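Enquirer: The residues making up each chain are set out below.
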Amino acid sequence: MNALRRHRALEAIWGAPKGWRGTAVSVNHSDIGKRFVVAAFVFFAIGGVLAMMIRAQLATPGSAFVGPDIYNQLFTMHGSIMMFLFAIPMFEGLALYMLPKMLGSRDMAFPRLSAYGWWCYLFGGTILIASMIFGVAPDGGWFMYTPLSSKAFTPGINADVWLLGITFVEISAISAAIEITVSVLKLRAPGMRLDRMPLFAWYLLITALMMIVAFPPLILGSILLEVERAFDWPFFDPSRGGSPLLWQHLFWLFGHPEVYIIFLPAAGVISTVLPVLARTRILGYGWIVAALLALAFLSFGLWVHHMFTTGIPHMALGFFSAASALVALPTAVQVFAWIGTLWNGRPELKLPMLYLLGFFVIFVIGGMTGVMLAMVPFDLQAHDTHFVVAHLHYVLIGGFIFPMLAGAYYWLPHFTGRTRDDLLGKASFWMIFVGFNVTFFMMHLTGLLGMRRRVHTYPEEAGWTLLNLVSSVGSFVMAFGFALFAIDVALHLYYARRRSRNPWTAGTLEWAMPIPTPAYNIASLPTVADREPLADAPALATSLARGEGYLGQPRHGWRETMAVETTSGAIDHVVVLPGNTRLPIVTAVVTGCFFLCLLAGQYWLSLLPVAGVVALGLRWAWVLDWRRDIGPLPIGRGEVAPIHREAAGAPGWWGSAFLLVADGTALASLLFGYAFLWVIAPNWPPPERIDGGLMPGLLAAVAAAAGSLFARRSLAASADGALGPAGRAALAGAAAQLGTIVALGTLGVTALPAPQEHAYAACSWALLAYSLLHALIALLCMGFARARVAAGHVSPRRTLDLRVARLFIDYSGATLAIVLVCLLAPAVAS
Amino acid sequence: MTLLARVSAGLILWAFGFSLLYALQGAGCAYGWQEIQLFGAALLRWFLVVTWLLLVAAGLALLRLTRSASSDFERRVTLATVLAGAGAMLVTGSPVALTSACA
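So the sequences go chain by chain: A and B.
The first sequence lines up with residues 29 to 858 when you count with my numbering.
The second sequence lines up with residues 39 to 141 when you count with my numbering.
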């Protein structure tokens, strides 16, 4: 097969239909990645317009441009859009588009999940933006502190829009995190050991793992607050044993790592672009990986520095102040590695480099003010002033937007296959750089002069007028700079010269393919022996186009790519990915209906879309049809490998495992909340505790343990080829899970006080609901496993369905044990 | 996955130790352990300082992991992260010896 025929055959397999149908059904990572990037930029523009309105309001004292009610919506939506609808989705889009190409793969591990995440993001973001049009946008600040966001002080649906809309959008973040983690760990080109991966993949792997742990506390907090608002369960009401500080803890457990979740992918862009433009290799690869790991962990020990003024004891302040200062060190390691790389190479002052130099200036200033704010005495003075606003913008715009703009100009030829001269790009850089510093440097000064954030106006005698006016003028200069950037990109799409591949003479694999890239990325997969494969073998691209790598022969219409052993990069198996389907968009629409029902207060009606999501989820898993054993497949170069459904470490198993890690973090956050309220909150001990419940609790535990045993027996029987006993064991497992549900329900109804009475009861019911939900999931898993065995999808070789089901059932059983200990301990103690 | 677990071990221990110290401080203050005096200092202080020192020592003990590393990369990254974890434990835990526990 020649290169052209191979291209046509692969394009037919990996491409999507033209028009709206293709838009609705495509699951290709390049399509989804580009959509994320474009949509994130649109949301960025909306957030930017809101920022200009904020600055127009503050330009003069006593301004009547907007009133306080609208102003509250403006700053809340500006922050929420920039954090949740721009920064995270923008890097998700870049990751989805770029990662497989850099890793020498043809797609991400779960293409349908990418598409589902995209639609959830689009629909959730649309709900949030629509709320502004209808005048019911969130108005309690982007961190939604209680009691301001509680029913008593926000009786309308403004807070509900935030809590439900953001949770809906966060589905896409969790989806992307799992997708990225498994793709980096498993779907790499053969030979690409972990220490041969491009640094960008390391950055994204660590960011994705951080997201898996950081987002569940926010999702849990949002659920608890929404339940409090909807059903009066008093998690945050101090008069009934709750505490507003619990919200702050849950929010900032997510919120501070979030800053690094935003920064790290952008730092990955720097570590990729900077050495290419310095015409050398990155200095200190291993040290950067170590610094990344240190940064990721330390970033979870800083959250209380947002709460320094809440009356926390000195010792706790000391813990978090020390951690906040310490986190500057791994960041500094990276900055010095980048400076060393520049020193080591022969840098060219091309447009992406200009943005990188802008990053250095702005981010270092932001980092220094961060260390200032980490010091408790200074923070007590500057807390909630414009100094903090200036700091966070220096960190986020310096640490995210400047590197991403560098990345945009670096990778634009990859998206478009064209290159343009730099004139307009340089003009936009200087407008953004100067405008940014004029805007935000002034805010350091107004903050130090005592101007509080979120005030809609100020008196003339405060003495902040000139600084605010200059700041507002700067913001408009910056906005025009971004508009110029958008114009430059648009011109790039239509009025630029066509280029062949690799215009920067880079060494990473994304440049080993034609630009713009075909749907399948590369005609055959390379063997990687160096961190920069193209530097090692400049003719690699041609060789891969000729089909001289792995999987160069298209067959059966399969979307094939390679999976490797995690550490060594040795060939593990062939993954056959699912093709285009409507399932993601339909599931996202039904998921959206669930959130809309909740928003409208139609709680019983919301059960209908829940049933729909369950049915679609089962369909999602069912259509992965494989009713016969395939055996080892030829993969090229005279080698063979098993197919993923017949291999031990299939991506589906890993994805489920990481989903359960996120799930476990949500439970840990709930247990933290339960313990926090016991120890810290006022009005404890509760007036009424659990009364009895030992017997149903014991029955629930026994039933869950039986469920786990039956799941194991079903798997073992399948592996032995005894499919009849395997099916019967699965059915028995399902019955055991039903027993667990009944026992847990009995425990709640007979032994627990009403959840509205006290935060203790509310937490107990929340824990019980968690276990009930997981027992239900375990029941569905066992029922699904039974049906799969009966339909011939399972054989001694094909046990993936049962292994995944066992994972969920074991998790359900283990967490049930923890929940029961927490629920029954007060009964035993009394 | 083994490599990822090994290179993260020092930092996982820090995360555990940091959470433990914060939890002990909160629980100790809530249940009055700072009121109980032992050898000239509060029971809570003893508890926290001994826990802190044990955590730092455990962090340093993880240096043994570098001996069995399978590559230079793994050895270097493990060494850096174990030292970072132990150093972070030393610094972020130091308030247990330097500041008031419950005020």
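Calculated from the structure, these hints are not laboratory results.
Quick caveat: nothing in here was measured; it's all calculated off a predicted structure.
Hints are not guaranteed to be accurate.
What the hints assert, rightly or not - Far from chain B by the CB rule (all over 12 Å, computed), these chain A residues:
#, residue
1, Gly75
2, Gly312
3, Leu320
4, Leu323
5, Pro341
6, Val361
7, Ala557
8, Pro660
9, Arg717
Claimed, not checked - Some chain A residues judged to face chain B by a derived CB distance under 10 Å, without partners named:
#, residue
10, Ile41
11, Val77
12, Gly314
13, Ala344
14, Phe622
15, Cys625
16, Phe704
A virtual CB, placed ideally from N, CA and C, is assigned to each residue, including glycine.
Enquirer: For each hint, tell me whether it holds in the structure or not.
Expert: Status of the hints after comparison with the structure:
no.	hint	verdict
1	Gly75	holds (33 Å)
2	Gly312	violated (10 Å)
3	Leu320	violated (10 Å)
4	Leu323	violated (10 Å)
5	Pro341	violated (5 Å)
6	Val361	violated (9 Å)
7	Ala557	holds (15 Å)
8	Pro660	holds (24 Å)
9	Arg717	holds (18 Å)
10	Ile41	violated (31 Å)
11	Val77	violated (41 Å)
12	Gly314	holds (4 Å)
13	Ala344	holds (6 Å)
14	Phe622	violated (34 Å)
15	Cys625	violated (38 Å)
16	Phe704	holds (8 Å)
The structure is inconsistent with the numbered hints 2, 3, 4, 5, 6, 10, 11, 14, 15, although it conforms to all the rest.
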